Structure formats: structure tokens, C-alpha cells
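**Student:** Going down the list, the sequences are from chains A, B and C.
Be aware that the first sequence starts at 2, since it is given in our numbering, and climbs by one per residue.
Be aware that the second sequence starts at 68, since it is given in our numbering, and climbs by one per residue.
Be aware that the third sequence starts at 2, since it is given in our numbering, and climbs by one per residue.
Calculated directly from the structure, the hints in this document are not laboratory data.
For clarity, every value in this text was computed on a predicted model and none was experimentally measured.
For each residue, glycine too, the CB sits at the ideal point set by N, CA and C.
Treat the hints loosely; a few may be bogus.
Stated by the list, open to error - Listed next, the in silico EDC-like pairs over lysine to aspartate or glutamate satisfying Cα-Cα at most 16 Å (straight line):
no.	chain 1	residue 1	chain 2	residue 2
1	C	Lys211	A	Asp131
2	C	Lys93	B	Asp97
3	C	Lys346	C	Glu143
Claimed, not checked - Restraint ranges, calculated between C-beta atoms of paired labels, are given here:
no.	chain 1	residue 1	chain 2	residue 2	range
4	A	Gln118	C	Gly291	20 to 28 Å
5	C	Leu63	B	Glu220	37 to 45 Å
6	B	Ala158	C	Lys92	32 to 40 Å
As the list claims (entries may be wrong) - Sample of chain B residues lacking proximity to chain C, with all beta carbon distances greater than 10 Å (derived):
no.	residue
7	Tyr204
8	Gly207
9	Leu255
10	Ala303
11	Lys377
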Amino acid sequence: MLTVVLDAVTTAALLFIISSGLLIVFGVMKIINFAHAAFLTVGGYAALVGAQLGLPWVLVLPLAFIAGGICGALSEAIIVRRLYQRPLDAILATWGLGIVIGQLITLAFGREVQFVQAPITGTVAFAGLDYSAYRLVMVAAAVIVAVVFTGLLSGTRLGLSTRAVIMNEMLAQGLGVNSARVRLATFAVGSGLAALSGALITPLSSVDPNMGLPWLISAFMLVMVSGGSLLALAVSCLVLGGCQVIVSTFVNPILGGLTIAILAAVVLRVRPKGFARA
Amino acid sequence: MAGGFPARLSFVALVLVAAGLVVAAPSFLDTYLVNILIRAFFVAMAAITVDIMWGYCGTLTFGQSAFFGIGVYALAIVFTEYGFGTWQAFAALGATLAVTAVVAALTGWLSFYPGSTPLYASIVSLVVPIVLVQILYSGGTFTGSSSGLVGFESFDLDLENWFRLAGLGLIAVAVVALIVMRSDTGRLLAALRDNDARCTYLGIDTSRIRIAVLTLTALVAGLAGFGYAAFGAIAAPENASFTFGTRLIIMVALGGRGTIVGAIVGALSIEVASAYLSGSFPYVWELIIGVALIAVILAFPDGLVGVFRKLRRGLTGFRAAEATHLRPPPLRSWPTRTATWRSRFTGLASISAA
Amino acid sequence: MRSRLLLTSLAVAAAMVPAMAADPIRIGVPVGLSGANSVVAPSVVQSAELAVEEINAKGGVLGRPLALDVADDGSGAAGAQKAFDALIFQKKVNVLISMETSAARNAGLPIVARGKTPFIYTSFYEGKSCSPYLYVNAWVPEQQVPPIVDYFNKEKKAKSYFLIGSDYAFGRGMLSFTKAYIQKIGGKVVDEQYLPMDGSDWTPIISKLKASGADAIITSTAGGAPNVTLTKQLRAAGVSLPYGNLAVDEGTAKSMGADATGIFISASYVTGIDTPANKTFLAAMSKKFGSDLKTPNDLSVPEYEAVYAYKAAVEKAGGTDQAKVLKALDEVSVDGPRGKIQMNKQHHAPLTMYLGEVQADGGVKVIQSFPNVDPGAQCPPKS
Numbered sequence: 002m003l004t005v006v007l008d009a010v011t012t013a014a015l016l017f018i019i020s021s022g023l024l025i026v027f028g029v030m031k032i033i034n035f036a037h038a039a040f041l042t043v044g045g046y047a048a049l050v051g052a053q054l055g056l057p058w059v060l061v062l063p064l065a066f067i068a069g070g071i072c073g074a075l076s077e078a079i080i081v082r083r084l085y086q087r088p089l090d091a092i093l094a095t096w097g098l099g100i101v102i103g104q105l106i107t108l109a110f111g112r113e114v115q116f117v118q119a120p121i122t123g124t125v126a127f128a129g130l131d132y133s134a135y136r137l138v139m140v141a142a143a144v145i146v147a148v149v150f151t152g153l154l155s156g157t158r159l160g161l162s163t164r165a166v167i168m169n170e171m172l173a174q175g176l177g178v179n180s181a182r183v184r185l186a187t188f189a190v191g192s193g194l195a196a197l198s199g200a201l202i203t204p205l206s207s208v209d210p211n212m213g214l215p216w217l218i219s220a221f222m223l224v225m226v227s228g229g230s231l232l233a234l235a236v237s238c239l240v241l242g243g244c245q246v247i248v249s250t251f252v253n254p255i256l257g258g259l260t261i262a263i264l265a266a267v268v269l270r271v272r273p274k275g276f277a278r279a
Numbered sequence: 068m069a070g071g072f073p074a075r076l077s078f079v080a081l082v083l084v085a086a087g088l089v090v091a092a093p094s095f096l097d098t099y100l101v102n103i104l105i106r107a108f109f110v111a112m113a114a115i116t117v118d119i120m121w122g123y124c125g126t127l128t129f130g131q132s133a134f135f136g137i138g139v140y141a142l143a144i145v146f147t148e149y150g151f152g153t154w155q156a157f158a159a160l161g162a163t164l165a166v167t168a169v170v171a172a173l174t175g176w177l178s179f180y181p182g183s184t185p186l187y188a189s190i191v192s193l194v195v196p197i198v199l200v201q202i203l204y205s206g207g208t209f210t211g212s213s214s215g216l217v218g219f220e221s222f223d224l225d226l227e228n229w230f231r232l233a234g235l236g237l238i239a240v241a242v243v244a245l246i247v248m249r250s251d252t253g254r255l256l257a258a259l260r261d262n263d264a265r266c267t268y269l270g271i272d273t274s275r276i277r278i279a280v281l282t283l284t285a286l287v288a289g290l291a292g293f294g295y296a297a298f299g300a301i302a303a304p305e306n307a308s309f310t311f312g313t314r315l316i317i318m319v320a321l322g323g324r325g326t327i328v329g330a331i332v333g334a335l336s337i338e339v340a341s342a343y344l345s346g347s348f349p350y351v352w353e354l355i356i357g358v359a360l361i362a363v364i365l366a367f368p369d370g371l372v373g374v375f376r377k378l379r380r381g382l383t384g385f386r387a388a389e390a391t392h393l394r395p396p397p398l399r400s401w402p403t404r405t406a407t408w409r410s411r412f413t414g415l416a417s418i419s420a421a
Numbered sequence: 002m003r004s005r006l007l008l009t010s011l012a013v014a015a016a017m018v019p020a021m022a023a024d025p026i027r028i029g030v031p032v033g034l035s036g037a038n039s040v041v042a043p044s045v046v047q048s049a050e051l052a053v054e055e056i057n058a059k060g061g062v063l064g065r066p067l068a069l070d071v072a073d074d075g076s077g078a079a080g081a082q083k084a085f086d087a088l089i090f091q092k093k094v095n096v097l098i099s100m101e102t103s104a105a106r107n108a109g110l111p112i113v114a115r116g117k118t119p120f121i122y123t124s125f126y127e128g129k130s131c132s133p134y135l136y137v138n139a140w141v142p143e144q145q146v147p148p149i150v151d152y153f154n155k156e157k158k159a160k161s162y163f164l165i166g167s168d169y170a171f172g173r174g175m176l177s178f179t180k181a182y183i184q185k186i187g188g189k190v191v192d193e194q195y196l197p198m199d200g201s202d203w204t205p206i207i208s209k210l211k212a213s214g215a216d217a218i219i220t221s222t223a224g225g226a227p228n229v230t231l232t233k234q235l236r237a238a239g240v241s242l243p244y245g246n247l248a249v250d251e252g253t254a255k256s257m258g259a260d261a262t263g264i265f266i267s268a269s270y271v272t273g274i275d276t277p278a279n280k281t282f283l284a285a286m287s288k289k290f291g292s293d294l295k296t297p298n299d300l301s302v303p304e305y306e307a308v309y310a311y312k313a314a315v316e317k318a319g320g321t322d323q324a325k326v327l328k329a330l331d332e333v334s335v336d337g338p339r340g341k342i343q344m345n346k347q348h349h350a351p352l353t354m355y356l357g358e359v360q361a362d363g364g365v366k367v368i369q370s371f372p373n374v375d376p377g378a379q380c381p382p383k384s
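In isolation and in its complexed conformation, chain A is listed as follows (with noise of 0.2 Å):
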């Protein structure tokens, strides 16, 4: 039983990682990164380079974070600048990205399957259980994600500008505050979380040039049903997150697969603005 809830809970700390990168962008701009999954994929082979050059893993992390930050400033000022009143557009034109980010992964990389060896193996002895230590660093690196960035958005002068680009753009920009650059920092930032997550996720699976597919989905909709604010998100990911690990579970691993997707809908149908507070 306590296998299920350490399974649930890790399983939503990853989620809460991947997706925070995507609220960011979608809290700010309105508009949806569907090359969130190129940008985690880059993440990814941040870290088998920097796994292959004999990096600490100290040094891989912030390696990957500016490797999506870069991309995601140079992507937000050559496209996604021209989308912004526009967000279905946006979602095609960056899946279009996504794809020319894939595909120049694969022209460096190649297509076949890499991995990457973890940091930290083995088991650690959680109150009577053998439980994975990788999994459980999860859980505490989605704690600090959380922690630094809440301290960014309240304490410094760059969350106070983007606070209040999401609360009012042209008041913002009557006031002053150049929502430009604002949009520039908060997608360059949200690329940079998602290369984060990708380089903590290659050690539990594998790097290949789609490996963020699959995550782009669930973080999606779980970015959709927390409506803009971290703290939902963190809830969605705890309550959906926590369905996925017992539908997998308890009934089909397959099935568990569509659980988030599904909730997703059906709370957004119900409450289209998600867990968020009105």
C-alpha cells in the first residue's frame, strides 16, 4: 500500500516538473508551447553530453537548463513573438518547432535509443520499504522547482513585472513595465524548466529524439486543468498524478496511460477553469 502512495506521489512530482515549464509560458502568454516536448528532449541530451564528457551531475543540471533557456529565448524571438493573438495558430506553429528541434537532434545525435547511466542507484529504506532513491530525490527536487520559483515570481523585480503582465498586460505596459522582455524571460525560463525535467528524467527511462511526446500530453492537460497558478498545478498533479499510479496499478498499466487525459476533459468540462481559484 505505501509502494502505491510513494509511487503516486513520485509520480507526481515528476509530472510537477515537466509541466511547470508549460504553466510558466502559459500563466504569462496565454498561448501553448507544443515544443515543450522538443524542449524537454533537448534537456535530455544535455545530459547524455554532459554524462559522455564525465560531468558531475551537480554541473549536468544547470548545463541543461540553459541549453533549453537559450533555445527558447532564440524560438521566442524568431516565432512565437508573431503568435501571440493567435493561440491556435501558436500551437501549430510550435509543434512545427518542435519538429525542426527533433529533427536537428536526430541530424547531431542520430535516431537510435540512448541512455544515460542515473546519479544515484539503488534503494533507500523508507519507513519498512525498499524504495527507489532516484524517484525519492524527485519528490525533493519538484519541492525546491516549486520553492525557487515562487521566490522568483514574489521576490524580485522580474516576478513582479511578469505578476503583473498576467494580471494586466496594457496597464502593465502603461506602467511601464516592458511586457517584451517580460514574454522573452518567461519563455526562455519555461524552455529552460523543461530541459530541466528532461535531463531528471533520462535516468529513469532512456534519450531518444521523441522521448517528450509522451510527457507533452499529460503536462497539457494538466497545465489546462490548473488554469495558471503553481499551487493548482501541484494539486492536479497530486490528484491526477495519484489516479494514473492506481488505475495503473490496480487495473492495467495501459489504461493507467489515459487516466490523466481523461480527467483532464471531464474536469474542464465541468469547471472550464480548472482547479484554479476564480
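Given chain A, work out where chains B and C should sit, using these hints.
**Tutor:** For chains B and C alone, kept in the frame of chain A given last:
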């Protein structure tokens, strides 16, 4: 139909020429190309349905691939479980039509309710193929799971007749679609796309119409899938996937949305080019598609057909001749120029230049 | 004037063609360059390349050089359909020789039948795939499963088994044979769990395994990526039960690193086979590929031998006529790294099997060997 008798005559002439080409072509074309084109014809039928939903009705739908997949699997499952024969063929056909209609009606009910947004409809259309593929994966040996279903006996037509069947089928679908879209129904759909609220004020039940359109297009997509599987004798989960659904959208976007012909052009070019190029230059080909998609969204919203039209008319900007065409003129040819102009009343955007 | 010059030069060029090299015999290799099999596909392509190079250096087959056409089948049915179509109808290959997932093979067979192209399947698989055009020179469950189960039963005293597989023809086929065999020798199968071929999150299944109290695990995933993710996650969860992996090869085991230690495999090829033929083969591979060499393994060595088998069949048939080659494939034998192999048992081959345990350095220690194991009745003639 707009344009009067000469336009009608040239339309009929075009259709006859196309039909003639389809009937004669297999004798000239290389076997491999015939193979590819047959598949491409069925995919093009599905692409037309995406164009109707997206280009004419304004719903960005990833889900038409699910209906295609239902047709594929209905045929495969019936022929695998019960063998091949006349009653089995009719049963498979019936199953295709019944299941796609039910799933479409359900999807429509979920997506198009009063107060729903186009974004929500897209989300639901995204979920449908994902759910379907997972159901296929969990079906064990009944659906073949990851392997798909192969080795079932199917219709015994030779390659050339398959080509004619598929090609004429595509022409038929395209002709019906064009006629309907150029009629009052087409105007109604365009009205729905451009201003849903106003249609509701006029007393039109927009949700019901959208659900009806979705169901009809789903039936056509299902039949396209049925044909695809009947020819290829293979059913694989990729045929129903969200990736395939996105592929269909890319075909319509690149070809030119809202024109029907664009969907056909996009589907055929991409299918043929990918078959020939993906062996030799796999990465570069996909890269080209990605870049083309971005370019189309950013700069050429009317796709290949739009570019072709512009070239044909020269670059003179006056678009009065398009008054009878259903696509709204792009922003830059409106009589007034507006830079970013938005009115917001505490969170409620009442007008935006979109 | 210009057109006459053009015509003349074309005529001269056309006359020169017969004087140039004889037209090559094309070997089509549809293989999983992307997807689950992408971990092993490069080794398969390397084997084919070495065989072609060696044969061409000795004058080719009946004076004609061999040429390879490699296509990506995506490790699945939809991709295989495209790859087979391209190879058979566009590139017009004379033969298909490759290793593929069962999903890809099953999707390709109808196309092979339509093109009447001989197809030598070089991958181990779940058995009972029959077509007049299909020959198999790799093992089937009747050859591979008994060594592992018997060993677990006798030496590890395992009575209850937990089976994990990829959900497709191979995974289900192998595990259903395994289940029947376990029950025949008096063991018990506690549970069977499957994930789709591309699935990579085994967490719920591993949790079920730990809760089940089984004595041993036997797995049969698609070759390549699923093996690695499953093993990594099993080890990360601290599972150390006797672990028999029906679908892993030495190359994949090496890429798992330390996690692979202790896995039991049953294979028709291990690099440690101590015969002159194997040593020559390994030296030649090393020389050709140097540091790019992918470990030759049970999925790639049969490819090397199959190219030689095709050469022998063409020589026996006196040409590439498909019907004659198909008949000759039954009669020729090849002496390769795995010994003498002939595909004369209903298009399948008797093989020598080795039971081994993966060591910490990724190599395989041979525990027992079983010469000339019969594949059983794979394709009984319809009476």
C-alpha cells in the same frame, strides 16, 4: 453556384479530366508510385475532412485520425475474427459507420456545448485519438496491441483497379465537399467560424450544427480508413494516433486551408515526397516539413494553393473578385489599418485585432 | 546540331554500359533504425556490411557484386509496410535479409508474398511464422526457453515465476510458451504483465512483482530499449531475484552497464564461443569497424551468416531466380561463427544453444551448452 454557367461548365470539365487521368494513369505509372498514391488517396480523403472541420468550421481538430483508425480497425478486426466474405465485408462497413458516428456524436457533445471555446474543442479532439490508441494497446490479441493486425484476408483487387477505386473515391468526396461548401451550407459554416455569438443571436443552433458536421466528416474519415486497411491489409496503432492527426493538419495547412483542393494537394505531395525522400534523406525531409509549417503559419496562411492563386492573379492587391469566395480576406487588405488595438474591461477582451 | 551531339553521346554511353561492372545483386535490409530496436540495429547493419565486403573482395556471387539497401522500419508495423514497399517495389531488391520485431515482420510478409521476394529472417522470435518465402536462421522458443527454466528450477529452486513482456506477438508468444513449459515441469506462474512496445514506465508492474512473492522473473520484451528501461528500473527498485531475460543480447547487456550483472540468457551466439571461425569473424569485425564496433551478438551474427547462406543458395541455383533460390536455401549450409547452420527444418535451423550469465564487465559466462537443438515443428506441412 457562384459564377454562373461557364464556371459550372469548367468545374464539370475539370472533374471529368481528373477522373480520366485517374482511370488512365496506372498504365503509365511505376508500380511503386501507384502503391504510394493509392494510400495517399485515402489519406487525402481524411485530410479533406480535416479541412472542412478546420478551414471551414474553425475547429482545429487533431482527432480525425481517430475516426480513420476506427475504420482501419473495424475492417481488420472483423476480417481477423470472422474471415473474409460478403457478409463480413458488410459487417465491417456497418461497424465502421456505426462506431465512428457514435464516437463523433459523443466527442461533439463533449466539445461543442454552449459556452465552449475553440481551444477546449481542440483539447477534446486531442484526447480522442490518444484514448483510442491506448484502448488498442490494451486489447491484447483482439486488437493486436503494439503489433497491430496483419495477415487477414482482404478484397482481391489488382493494383490498378485499387488505384482507380481510390482515385475516383477521392474525386467523389472532393466534388461533394466542394459543392456543399460553395452552397449555403458552406456560408453557414463560415459564419459559424467567423462569429459564433452572432449566429446564436440569429437563432442558429451552433452546437448542433457543429456536432452534425463532426459526425458527417467522421463517417467519411472512417470510410477512408476502411479503404486504407482494405488495400494495405495491415492495421497498426499508428493509423489512429495523434501524430497522424497532426500530420493531417500539416497537410491541410501546407496545401491551403479552407479550399478542399489545398487538402488534396497537401496530402498527396507530402505522402509521395515522404515515401521517396524518407529513405534517402529522412532527417532533412522532416526538417523541411517543420520549417514549412512554421513558414505557413507565420507568413503564408493560405498555403500552397494561396501562393498559386496569388501568382496567377499577379500581386495586385484588390480582392473584390473574392467576394463570392468564403475565406475572409487576410488582415492586411482590410480597408482600415489597425495596429495592435485591444479593448479590455478588467479581463474581458471585447475587441481584439485577430 | 546540339541534339545530334546529345544523341550520339548517349549512344556511346549506352554502348559502354555492358563493358562496365556487372549489375549488382541487391540485398534489402529493413531494420529498426529508430524505435525500440534502434539499440541493436547498428550491429545488424555492421554484420551485413562485413559480409558484403568480404564476399565482394573474393569476386562477388557468380561474378556479380553484392549491394546493400538499408531501410528504416521504425521497429513497427506501419514503418515496416513503408520500408518493405520501398525495398521491394522501388529499389527492386533480389532478397531481404534482416532482423526485425515481430510486428514489422508480420506486416512485411504480405508484401514479400506480393513481390515474391525471398526473405531470410535473422532474428530470434516466438516461432510458427510460416510463408513459402520466409527462412529463419535464428532460434525459436523450443530451443531457447528450456535451458533457462530448467536451470532456475534445479539450481535456483524456483517454484513460482513472474512473467513480464512487451505487448505484441513476440512478447506474448514467448511468454505463453514459457508459461506452458513452466507448468509442464511443475512450476507455477504467479502473474503475467505487459506494456506496449514503446512503453518505458514499468513502475506499477515492478510494484506488483515485489508484492507477489515470486521466486524468479522471466522477461520477454522487444529487443533493445524496453530491455534496458526494465532492467534499470528493476535494479533501481532493488529487485535481485533470479532474472531470466529471453530477449536480451550481449550488446544491449553492455549498454545496461552494471545493472545487467546476474541476468541469465540463453542464446545461440556469445562472443566467447571458442572456435576458429568465431575468432576470425571477431578479428575481421574489429579490423573493419575499430572503435565504432558494436558488440556482435545473437541478433547480428545470424545476419552475417544469412548473407553467406544467400550467396551459397544463389550459387547452387545458378542465378537469382526466386523460385530456384528459395529451393536452394533449404539445401545449403553455412559454416560461420555459430558453427554449421542449415535451414532445413521446415525453413528453420537446428542450433547450438548456450546458457550464460552476464558478468560485471558486460561479457557473458557460459554455464552450459546444448548442441544441435531441434526447432520442433514450426511450419508443419498442411496435410
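**Student:** So which of those numbered hints doesn't the model satisfy?
**Tutor:** 7, 8 and 10
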